[in-house]
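Colleague: Mapping to full-length UniProt numbering: the sequence shown position 211 is 211, numbers consecutive.
No wet-lab data here; the hints were simulated from the structure. Every residue, glycine too, gets a C-beta built ideally from N, C-alpha and C. Check the hints yourself; a few may be wrong.
DSSO-like mimics (lysine-lysine), calculated; alpha carbons at most 30 Å apart, straight line [said to hold, decoys possible]:
| hint | residue 1 | residue 2 |
| --- | --- | --- |
| 1 | Lys83 | Lys197 |
| 2 | Lys197 | Lys85 |
| 3 | Lys85 | Lys158 |
| 4 | Lys83 | Lys198 |
| 5 | Lys198 | Lys85 |
With beta-carbon atoms standing in for the labels, derived distance ranges [said to hold, decoys possible]:
| hint | residue 1 | residue 2 | range |
| --- | --- | --- | --- |
| 6 | Val169 | Pro222 | 15 to 25 Å |
| 7 | Gly178 | Pro45 | 35 to 45 Å |
| 8 | Lys198 | Ser36 | 10 to 20 Å |
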Amino acid sequence: MPAHLGGDTWFEGSLVEPLSCVIGAFNANYHLQEGSYNHVMGIRPQGRTLILGGTGPMGLLAIDYALHGPINPSLLVVTDTNKPKLSYARRHYPSEPQTLIHYLDGHEASRDTLLALSGGHGFDDIFVFVPNEQLITLASSLLAPDGCLNFFAGPQDKQFSAPINFYDVHYAFTHYVGTSGGNTDDMRAAVALMQAKKVQTAKVVTHILGLNAAGETTLDLPAVGGGKSWCIPEKPSRSRRWARSPIPNWQRLWRVTMGSGPRRLKRICWAHAEDITHD
1 MPAHLGGDTW FEGSLVEPLS CVIGAFNANY HLQEGSYNHV MGIRPQGRTL ILGGTGPMGL
61 LAIDYALHGP INPSLLVVTD TNKPKLSYAR RHYPSEPQTL IHYLDGHEAS RDTLLALSGG
121 HGFDDIFVFV PNEQLITLAS SLLAPDGCLN FFAGPQDKQF SAPINFYDVH YAFTHYVGTS
181 GGNTDDMRAA VALMQAKKVQ TAKVVTHILG LNAAGETTLD LPAVGGGKSW CIPEKPSRSR
241 RWARSPIPNW QRLWRVTMGS GPRRLKRICW AHAEDITHD
């Protein structure tokens, strides 16, 4: 994102769209205005929010937005089965004064365990970041009265379905939404949050690669792992995880600059990575 828009680097601009998708999801959730049929859009202020399968790059942005966006829950619970990603999220997104956050291994996050964390009330807002039938059914069973479940994950199977509790739909006014991307207003909100340094989008970048590695990296994303990959068009470097980069002191540099000094990070890359040359 260019400096005149309040950004430190151009690569931040490429993360506006992913953040806008998260903002759109939070905006799409809704709750009933007591005594009426009017909908109050957004997550419940100072409510209880659950993010299932939420330590991928989009999940990390959702955690960041829940903690630092305009509406914050008082309780945020995040689960995932990937322990390294869970540890990464725990390290980079701690509790805030207004929001207590818990991270749980998905293998150990039973319904009883999650319900107990909510004080037995259930969750006002639940976001499902993995297209998994059991996870959706679990989420359905954890909704509080007037709770809203957002199916964020996009399934490839057009016949994908999962059992949900229709008793609660009828008697407890639970409801379900799904979002697929943000709109122009969400994009504007994303830019404003990044300008104000409230949401640290650089934290979701774990790989740096040059233009000549973009194709193979895209085809091999499951094996690459990590978060978002930052492609530098002017550089030919292959995809690099920070721990394996040939740039001097890269491991320490990445930890120091992560989320707080992307401009310095970019400057180091420009200084040490080779340029693309023409034969």
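Colleague: Compare the structure with each hint and give your call.
Modeller: Evaluated hints:
no., hint, result
1, Lys83 x Lys197, "holds (28 Å)"
2, Lys197 x Lys85, "holds (23 Å)"
3, Lys85 x Lys158, "holds (29 Å)"
4, Lys83 x Lys198, "holds (26 Å)"
5, Lys198 x Lys85, "holds (22 Å)"
6, Val169 x Pro222: 15 to 25 Å, "violated (35 Å)"
7, Gly178 x Pro45: 35 to 45 Å, "violated (22 Å)"
8, Lys198 x Ser36: 10 to 20 Å, "violated (32 Å)"
Taken one by one, the earlier hints fail for this structure at numbers 6, 7, 8, listed in ascending order.
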